[in-house]
Amino acid sequence: MDFGSTFFYKYRRFIKTLKIYFLLAGPGLIVMLADNDAGGITTYTVTGAKFGYGLIWFLLLLLPVAYVVQEMTVRLGAVTKRGHAEAIFDAFGSFWGWFSFIDLALVNWLTLITEFIGMTAALAIFSIPPVVTIVIVSIVMMLMVLQGKYWTWEKIAILFAAVNIIYIPAAFLVHPSVSEVLSVGLIPHFPGGFNGTLFFFLMANIGTTIAPWMIFFQQSAVVDKGMKEKDIPWGQMDTLIGSAFTVLVAIFLVVVTGTVLYGVEVESAAQAASMMMTTSPWLGTCIAIGLFNAGFLGAICISLASSWAFGEVFGWAHSLNMKVREAPWFYACYLFALVTAGGVVLLPNAPLVLITLFVQVIAVTLLPAALVFLILLLNNEEIMGKYRNTTLQNIAGTAIVVAIIILSTLYGITTLFPELLT
Amino acid sequence: MNGDECMVTLETVLGVRIGSVLSRWMDKIHEINKKYETPRIKMSPGVKIALLFLRVYLILLVVLLGYKFWTLLK
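Taken in order, these protein sequences are the chains called S and P.
Quick note on the numbering used here: the first sequence kicks off at 1 and runs consecutively.
Quick note on the numbering used here: the second sequence kicks off at 1001 and runs consecutively.
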């Protein structure tokens, strides 16, 4: 074969692969970009302002962490055709089933409130009242699910997820010193020495990388999408690309705030966006849009994760491929979560700061259980057959799960008792 | 029908409705508990240790949360 023919053959094969990927892409990409939710964006913003580019190396380490955990949900969902909530009930009995389910429902609802807080704070920068934001967001989210096709929902969600990449052009707007980003950011070190504050930020970054809702969401999404065992490699590729994007977005956001706000006391992404608005309106707008989008992505995934879990446990019809009359409870759960979470944000004097802190503590009670169950299920030959974890996957998975459990527990404890850090 | 009679009828209807809904929910929960009464996974030593660890971990967290709540009340 001459060079031209070889090139044409490889080009056709690449285009075909790309087409198949775009057909099968979805759960991994969406869950990973939604991982950079309102809480995540706030964490990265504050990390950049506090430590400059100093912790970029640590964010890179989070790529394999996110991939290893989420990849297991792809295999489990594709093989068992069951969501994580149902899989826990089935494998470990009703005690652990109810514990995980009730904890998930609570932590998801509280996290949904924090997503609404992020969205309203972001749009308040453009003088949009919170009530307008919440009503419009709720309507859009309902319309997204009511159209009756998982595939359509997924592609709309991917479009919204693409907006998350806004932090990449934003980083170019601030003209960072590339050599400084590379020399300071890529060499592992602890800026300012290893102390309580730095440790808290490391834990916070880990805490935003893996959240309980992500495990439940991706597994249920894989099932609702109808992925089969033969689709697992595509699901893995989807999750890997998603993990790369989530880390990339986090790094670029750290570069933005590390360049513009380094050394400035910042408490939230909305505050950072407001500060940037005065010096560079374009940049402030990018940060605010990114924050709104992050909250929106988080909200669509979290509310669906809960609705799927309710359907799985109570045996109700629970698929985005069903119309409202076919799965009324599924859509009722979805609507109930949106209306109540949005309503709490609009309550005058609602303890929103307390809710934000409480989320971290409650998430810590669920995350270890969800991760341990994941590892145990993936090691069960009767359930997983030839798709069970290999020795290498077990070593990587167990090491990551143990590290996440230790760090997220310490994060939860230091949130409860901040005086321990001083 | 006067106002008092209306209220009594409403309370009876609501009471019956709420009672019936609660009873259906309880039945559903019993049904789920029965369905998942026996864990499917084989209780090997590794699984037993992992579940024991989770129980101890959760008890410790509940104690910590309780302690925090108590110190806040104080």
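What the hints contain is simulated information worked out from the structure, not anything from laboratory work.
On a predicted model such as this, the values are computed, not experimentally measured, just so you know.
Each hint should be verified, as a subset may be incorrect.
[To be verified] Straight line, CA to CA, 30 Å or less: simulated BS3-like cross-link-like pairs of lysine-lysine: (1) S/K81 x P/K1035; (2) S/K10 x S/K323; (3) S/K81 x P/K1042; (4) P/K1042 x S/K228; (5) S/K16 x S/K230; (6) S/K323 x S/K386; (7) P/K1042 x S/K386; (8) S/K386 x P/K1028; (9) P/K1035 x S/K228.
Results for each hint:
1. Proximity of S/K81 to P/K1035 is assessed by CA-CA distance (about 18 Å); at most 30 Å being required, the pair is judged to hold.
2. Under the criterion of a C-alpha separation no larger than 30 Å, the hint pairing S/K10 with S/K323 is inconsistent with the structure, at around 42 Å.
3. Proximity of S/K81 to P/K1042 is assessed by CA-CA distance (about 20 Å); at most 30 Å being required, the pair is judged to hold.
4. For a cut-off of 30 Å, the pair hint linking P/K1042 to S/K228 stands: about 25 Å separates their Cα positions.
5. With a C-alpha separation of about 17 Å, the suggested pair S/K16 and S/K230 falls inside the 30 Å cut-off, and the hint holds.
6. Between S/K323 and S/K386 the alpha-carbon distance is near 36 Å, which puts this suggested pair outside the 30 Å criterion.
7. Restraint check: the Cα-Cα separation between P/K1042 and S/K386 comes to about 17 Å, which is no more than 30 Å; the hinted pair holds.
8. Of the supplied pair hints, the one linking S/K386 and P/K1028 is violated, its CA atoms being roughly 35 Å apart against a limit of 30 Å.
9. With a CA separation close to 26 Å, the supplied pair P/K1035 and S/K228 stays within the 30 Å bound.
Consistency note: the structure conflicts with the earlier hints numbered 2, 6 and 8.
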